[in-house]
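Peer 1: Residue strings, one per chain:
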Amino acid sequence: MTDHASNTSTADNTSTADNTSTAPATRAEVAAAAISDLFRGSGEILASPIGLIPSLGARLARLTHTPELLLSDGESTLFADTPAIDEPFTEPEGYLPYHALFELMMGGKRHVVMGAAQIDRLGNQNLSAIGPRDHPVKQLLGARAAATNTVTHAVSYWVPRHLRRTFVERVDIITGVGQPQTSGGERFHDLRRIVSNLGVFDFSGPGGTVALVSLHPGVSLAEVQQQTSFALHLPERIETTRSPDATELTLIRDRLDPRNLREREVPTP
Amino acid sequence: MKQLTLDGVVSQLSDGMTIGIGGWGSRRKPMALLSAVVRSGVRDLTVVSFGGPDVGVLCATGQATKVVHAFVSLDTIAVDPHFAAAREQQRVDTEELDEAMLVAGLRAAGRNLPFEATRAGLDSDAVTRNPRLRTITSPYDDGDVLLAMPAIHLDLALLHLHRADARGNAQLLGLSPYFDDLLARAAKRVIVSAEEIVPTAELTRDKPVQSLLLNRTEVTYVVEAPGGAGFTSCEPSYPRDEARQRDYVAAATSPEAFNTWQRTNWHEAGARS
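Which chain is which? The protein sequence lines are A and B, in order. Residues in the first sequence are numbered from 1 upward in steps of one, following full-length UniProt numbering. Residues in the second sequence are numbered from 1 upward in steps of one, following full-length UniProt numbering.
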């Protein structure tokens with residue numbers, strides 16, 4: 001813990017021109033802060049960010065508001081240090097190979113931020129294939145453990161390209177479960193949010209449907225609706241996603257992603 | 001003595017078998033043992049795998065009739081193109097499970113149980129579109145409905161580890177066992193290839209006893225196969241060979257390309273045995 005605190009305070013010392021740190025937040029940086037906020041207050045759980053912006057967000061969370069978060073290399077080790085997203089971890093603090101990860105998942109002490117080839121109005125997610133299940137037009141990665149994630153612990157989604165073909169009325173194959181149907185299935189079901197390159201969404205619409213939480217700065221409601229195949233539930237007042245503060249921007253730019261990989265995943269529009 | 005050569009492995013194979021293959025994605029796959037499967041020409045295989053190029057190869061050769069999987073990935077290349085082509089052209093039947101369902105099914109088999117109760121996969125298409133699967137209601141006050149994941153019994157498991165002795169004790173020097181131990185216990189027969197076969201005393205001379213992943217009740221045969229994970233990773237002995245993995249991916253462009261790839265790669269594996 002002291003390590004994280006000192007890392008945070010010394011991050012300002014890494015030399016970068018002042019204007020870099022004070023330039024307004026980019027879309028990628030806003031998205032990373034939104035992912036970071038997903039972990040706010042979650043305590044001593046495993047953060048499992050899948051993808052670059054989620055990794056940036058989870059590390060930002062650990063260096064700021066939630067230092068007790070656990071991070072792993074995604075294969076077999078928990079790490080106490082919080083390096084840049086393209087640098088290796090170096091300080092092991094635990095052994096977590098897949099078989100132990102599954103036990104941890106079942107116990108609920110995890111929040112995953114997964115991707116989605118498709119996500120629908122009910123919050124169902126598809127990682128498996130596009131088209132009919134038994135004759136896919138395009139084979140994707142496969143079911144992985146998305147279904148287990150969604151019935152055992154907190155789940156959020158990250159969609160770097162918010163498009164009509166991603167935000168669909170109905171997914172072709174349900175890998176992550178939006179709405180549990182089986183008795184008892186709802187007990188540990190904990191869908192949190194979707195963060196995309198356009199905005200933040202949750203499942204507070206009627207019947208647990210996708211609702212807009214906030215639009216990223218510079219994104220119009222018309223643009224989000226245009227890029228979404230279903231009718232989004234809208235809140236009474238539409239908020240703007242917060243921009244990272246000066247400390248967060250410095251951490252992102254100088255410490256966690258000094259080579260600006262985030263811009264490749266979410267280019268400045 | 002449980003030691004076999006790769007040619008000896010061929011005689012252990014027959015048409016219609018259900019074969020579990022160890023490793024994960026493009027990590028520690030028993031590629032040398034796989035070369036024996038390909039050389040044997042056995043057909044109509046059901047392949048159970050945390051899938052990587054093992055699945056892709058057996059789809060490309062047409063030997064896999066059915067694949068039981070939760071994903072088929074090459075790690076640094078998201079989707080195995082040989083598997084994807086077989087799926088998209090309907091050349092192979094698949095049973096797509098959630099990873100934890102696969103784990104539960106293997107564990108049930110190893111424990112001689114008909115099923116394992118789990119919440120994993122409930123309400124996803126892995127369950128709702130699989131008519132083979134049943135649910136079970138908790139007999140206790142909660143009344144929860146759970147998946148009764150049926151045991152996944154294997155005729156044969158093929159695994160690659162770092163070291164073994166000739167009696168079948170097998171050692172993992174890398175970080176993750178993946179689910180090799182579950183596959184071994186779910187199988188009637190288990191063939192382990194190892195980077196090195198050493199005397200029993202050597203196994204723990206400089207490595208901790210907890211690195212012994214499989215005991216000899218769990219291993220039928222051992223095969224010495226240095227480099228036996230092929231281009232997949234076998235940390236800490238060697239990393240994935242990304243260039244050779246790209247060659248494998250490029251071989252998905254045509255049957256001729258795959259034949260060329262096979263001639264190059266299986267010849268190498270065979271020569272090592």
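Misleading hints may appear alongside valid ones.
Listed next, with one range per pair, are the computed distances between beta-carbon atoms [what the hints assert, rightly or not]:
#1 Lys207/B with Gly108/A: 46 to 56 Å
#2 Asp7/B with Ser229/A: 48 to 58 Å
#3 Glu87/A with Lys66/B: 51 to 61 Å
#4 Gly108/A with Asn215/B: 45 to 55 Å
#5 Asp93/B with Gly108/A: 32 to 42 Å
#6 Asn260/A with Asp7/B: 53 to 63 Å
#7 Gly143/B with Ser204/A: 21 to 31 Å
#8 Lys66/B with Ala231/A: 54 to 64 Å
Calculated from the structure, these hints are not laboratory results. Glycine included, each C-beta is placed from N, C-alpha and C at the ideal position.
Peer 1: If a hint holds in the structure, say so; if it does not, say that too.
Peer 2: Quick rundown of the hints versus the structure:
1. In this structure the supplied range 46 to 56 Å is violated for Lys207/B paired with Gly108/A, their Cβ-Cβ distance being about 35 Å.
2. The given range of 48 to 58 Å is respected by Asp7/B and Ser229/A, whose C-beta atoms sit roughly 56 Å from each other.
3. Between Glu87/A and Lys66/B the beta carbon distance is about 42 Å. The supplied range of 51 to 61 Å is therefore violated.
4. Between Gly108/A and Asn215/B the beta carbons are some 33 Å apart, a value that contradicts the proposed interval 45 to 55 Å.
5. Checked against the hint of 32 to 42 Å, the pair Asp93/B and Gly108/A passes, with Cβ atoms roughly 35 Å apart.
6. Hint check: Asn260/A to Asp7/B, Cβ distance near 54 Å, so the stated range 53 to 63 Å holds.
7. Range check, Gly143/B to Ser204/A: about 28 Å between beta-carbon atoms, so the 21 to 31 Å window is met.
8. Take Lys66/B and Ala231/A: their Cβ atoms lie about 41 Å apart, and the range 54 to 64 Å is violated.
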